[in-house]
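Working from the sequences, and respecting the hints, build out all of it.
Each residue of the sequence shown is one higher than the one before, starting from 0 at the first, in numbering that gives the first Met the number 0.
The hints are simulated quantities; they were obtained by calculation from the structure and are not laboratory data.
All C-beta atoms, glycine included, are put in the ideal place defined by N, C-alpha and C.
Do not rely on the hints blindly, as some may be mistaken.
[Unchecked claim] The following label-pair restraints were derived from C-beta to C-beta distances:
{"hint": "1", "residue 1": "GLU169", "residue 2": "ALA107", "range": "34 to 44 Å"}
{"hint": "2", "residue 1": "ALA66", "residue 2": "GLU96", "range": "30 to 40 Å"}
{"hint": "3", "residue 1": "ARG167", "residue 2": "ALA92", "range": "30 to 40 Å"}
{"hint": "4", "residue 1": "ALA160", "residue 2": "ALA197", "range": "19 to 29 Å"}
{"hint": "5", "residue 1": "ARG168", "residue 2": "GLY109", "range": "32 to 42 Å"}
{"hint": "6", "residue 1": "SER104", "residue 2": "ALA209", "range": "31 to 41 Å"}
{"hint": "7", "residue 1": "GLY109", "residue 2": "LEU203", "range": "20 to 30 Å"}
{"hint": "8", "residue 1": "GLY24", "residue 2": "GLY103", "range": "31 to 41 Å"}
{"hint": "9", "residue 1": "PRO163", "residue 2": "ALA196", "range": "32 to 42 Å"}
{"hint": "10", "residue 1": "SER40", "residue 2": "ALA92", "range": "18 to 28 Å"}
{"hint": "11", "residue 1": "PRO23", "residue 2": "GLU136", "range": "20 to 30 Å"}
{"hint": "12", "residue 1": "GLY26", "residue 2": "ALA202", "range": "32 to 42 Å"}
{"hint": "13", "residue 1": "ALA202", "residue 2": "SER45", "range": "31 to 41 Å"}
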Amino acid sequence: MRNGYLRFAALGDSTTVGLGDPVPGGGWRGWARLLAESLRSSYDVSFCNVAISGATASIVREQQLEAALAHRPDLASLLVGVNDTLRSTWDPARLREDLLAIAGSLDAIGAILMTARWHDHGAVLGLPRMLVRPIGERIEVVNAVYDEIHEQYGGLRLDLALLPEVARRECWSIDRFHPSEVGHRALARAWGEQLRAAGYEFALPSLEPAGGCPPSWRRDMAWMVIEGAPWFGRRARDLGPWAVRRAIGAGR
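Right, here's the structure in full:
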């Protein structure tokens, strides 16, 4: 594919925000920015990241989609759905409606969709089996919707469960929920390989840590105290009782 002007819009939740990949001076970088920077080796890239930490599919539709459409992207990544599975307000029909509406709107303006099939986050987190099983069932519902989107609109997609990096501890931040810098770089590289296979010509994102903001247990612990622990506390109060009831019921 010839070099030229390329518009890239990234929609989603904290993974696309870049949580787990801090930069000096504060803030986050993440896989989408790493990919955009690599694309700039061959293209004049206009990058728009509208992702929001904690976003569900409905939040992407209501608060991110309009800005993404206004960017008129050639490439549009849509990685969301895990937060939906971690709420007691879980509504598979609403999830499907929102994701299909988002994908359809992006496809209608000519954007190439970039979507993913999710791995089982519960297993990576090391949760008890009685909790992992029901969460995994919800993840499969989300994946089925993304299968439908890919069948209907095509585009590029990653099956995260097949990436060997998912099983590597160093690819996860201290909370084991968000990628570390190494994990974000692996994700950017995987997307880069997908784009190269689709005909885009550019230097692949590097897998080597930049070293600008080296790992720090003090920073990690501060993040867990300020952000991570409260997040897990909210999810435990919200999802925990349902997951336990569901697991007990399945075991009978």
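Comparing the hints with the structure gives:
1. GLU169 to ALA107: 34 to 44 Å: With Cβ atoms ~40 Å apart, the hint holds.
2. ALA66 to GLU96: 30 to 40 Å: violated, 20 Å
3. ARG167 to ALA92: 30 to 40 Å: holds, 36 Å
4. ALA160 to ALA197: 19 to 29 Å: At roughly 21 Å between Cβ atoms, ALA197 and ALA160 fall inside 19 to 29 Å, so the hint holds.
5. ARG168 to GLY109: 32 to 42 Å: Hint holds: Cβ distance 40 Å, inside 32 to 42 Å.
6. SER104 to ALA209: 31 to 41 Å: holds, 35 Å
7. GLY109 to LEU203: 20 to 30 Å: Because 25 Å falls inside the window, the suggested range holds.
8. GLY24 to GLY103: 31 to 41 Å: holds, 39 Å
9. PRO163 to ALA196: 32 to 42 Å: Violated - the Cβ-Cβ distance for PRO163 and ALA196, about 18 Å, lies outside 32 to 42 Å.
10. SER40 to ALA92: 18 to 28 Å: Violated, since SER40 and ALA92 (Cβ atoms, about 43 Å apart) do not stay within the stated range.
11. PRO23 to GLU136: 20 to 30 Å: Since the Cβ atoms of PRO23 and GLU136 sit about 41 Å apart, the hinted range of 20 to 30 Å is violated.
12. GLY26 to ALA202: 32 to 42 Å: Check failed, 24 Å falls outside 32 to 42 Å.
13. ALA202 to SER45: 31 to 41 Å: violated, 19 Å
Hint compliance for this structure: hints 2, 9, 10, 11, 12, 13 are broken, all remaining hints hold.
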